[in-house]
Amino acid sequence: MSEIKHIDAGNRLSEATIYAGIVYLAGQVAEDSSLNAYEQTQQVLQLIDILLEKSGSDKSRILRAEIFLADMNDYAEMNRAWDQWVVVGKAPARSTVEAKLADPNWKVEIVITAACK
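Under the numbering used here, the residue at position 96 of the sequence shown is numbered 96, and the numbers go up by one with no gaps.
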């Protein structure tokens, strides 16, 4: 049986867990909630890059992305940041939904599942 590895584990959650060669990231949100949707998305994607590296993966190995927007009116701005970041030809399966996020100033939260290298 494979061991479960926890990355940046706290009392409430781990920022990532790895099991059987798959990396599961916790929902990532912007550290600066005063930013607009485009900038928050850029910041979230940078955090994802860092966590994937710590977990032995990278954005070219993302299997699935789940994106939560506080307001679907921010869809185009989120996509602008996403399209600049995602590896061409290796875009993952993805869903985007509108949801009430835990902090009313957060505009985007992204959950990632990726394969390890």
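Don't read these hints as lab results, they were simulated from the structure.
This structure is a prediction, so every number in the text was calculated from the model and none was measured.
All C-beta atoms in this analysis are idealised placements derived from N, C-alpha and C, irrespective of residue type, glycine included.
It is possible that part of the hints are untrue.
Here are the simulated SDA-like cross-link-like pairs (lysine to any residue), alpha carbons at most 25 angstroms apart as the crow flies [claimed, not checked]: (1) 5 - 73; (2) 54 - 83; (3) 54 - 100; (4) 90 - 15; (5) 59 - 29; (6) 5 - 35; (7) 54 - 21; (8) 90 - 33; (9) 117 - 35; (10) 54 - 75; (11) 59 - 93; (12) 90 - 47; (13) 54 - 12; (14) 117 - 58; (15) 59 - 111; (16) 117 - 34; (17) 5 - 71; (18) 100 - 31; (19) 5 - 60; (20) 54 - 99; (21) 117 - 32; (22) 90 - 34; (23) 54 - 98; (24) 5 - 83; (25) 5 - 17; (26) 90 - 20; (27) 100 - 88; (28) 117 - 75; (29) 117 - 100; (30) 54 - 104.
Here are the simulated distance ranges between beta carbons [as the list claims (entries may be wrong)]: (31) 3 - 36: 23 to 31 angstroms; (32) 76 - 20: 34 to 42 angstroms; (33) 111 - 36: 30 to 38 angstroms; (34) 104 - 80: 20 to 28 angstroms; (35) 76 - 111: 29 to 37 angstroms; (36) 117 - 36: 19 to 27 angstroms; (37) 20 - 79: 29 to 37 angstroms; (38) 111 - 21: 24 to 32 angstroms.
For each hint, the structure was consulted:
no., hint, verdict
1, 5 - 73, "37 angstroms, violated"
2, 54 - 83, "23 angstroms, holds"
3, 54 - 100, "29 angstroms, violated"
4, 90 - 15, "23 angstroms, holds"
5, 59 - 29, "17 angstroms, holds"
6, 5 - 35, "33 angstroms, violated"
7, 54 - 21, "14 angstroms, holds"
8, 90 - 33, "29 angstroms, violated"
9, 117 - 35, "33 angstroms, violated"
10, 54 - 75, "29 angstroms, violated"
11, 59 - 93, "13 angstroms, holds"
12, 90 - 47, "19 angstroms, holds"
13, 54 - 12, "19 angstroms, holds"
14, 117 - 58, "8 angstroms, holds"
15, 59 - 111, "13 angstroms, holds"
16, 117 - 34, "35 angstroms, violated"
17, 5 - 71, "34 angstroms, violated"
18, 100 - 31, "18 angstroms, holds"
19, 5 - 60, "21 angstroms, holds"
20, 54 - 99, "28 angstroms, violated"
21, 117 - 32, "30 angstroms, violated"
22, 90 - 34, "31 angstroms, violated"
23, 54 - 98, "29 angstroms, violated"
24, 5 - 83, "30 angstroms, violated"
25, 5 - 17, "6 angstroms, holds"
26, 90 - 20, "21 angstroms, holds"
27, 100 - 88, "30 angstroms, violated"
28, 117 - 75, "31 angstroms, violated"
29, 117 - 100, "34 angstroms, violated"
30, 54 - 104, "29 angstroms, violated"
31, 3 - 36: 23 to 31 angstroms, "41 angstroms, violated"
32, 76 - 20: 34 to 42 angstroms, "37 angstroms, holds"
33, 111 - 36: 30 to 38 angstroms, "21 angstroms, violated"
34, 104 - 80: 20 to 28 angstroms, "23 angstroms, holds"
35, 76 - 111: 29 to 37 angstroms, "21 angstroms, violated"
36, 117 - 36: 19 to 27 angstroms, "33 angstroms, violated"
37, 20 - 79: 29 to 37 angstroms, "31 angstroms, holds"
38, 111 - 21: 24 to 32 angstroms, "18 angstroms, violated"
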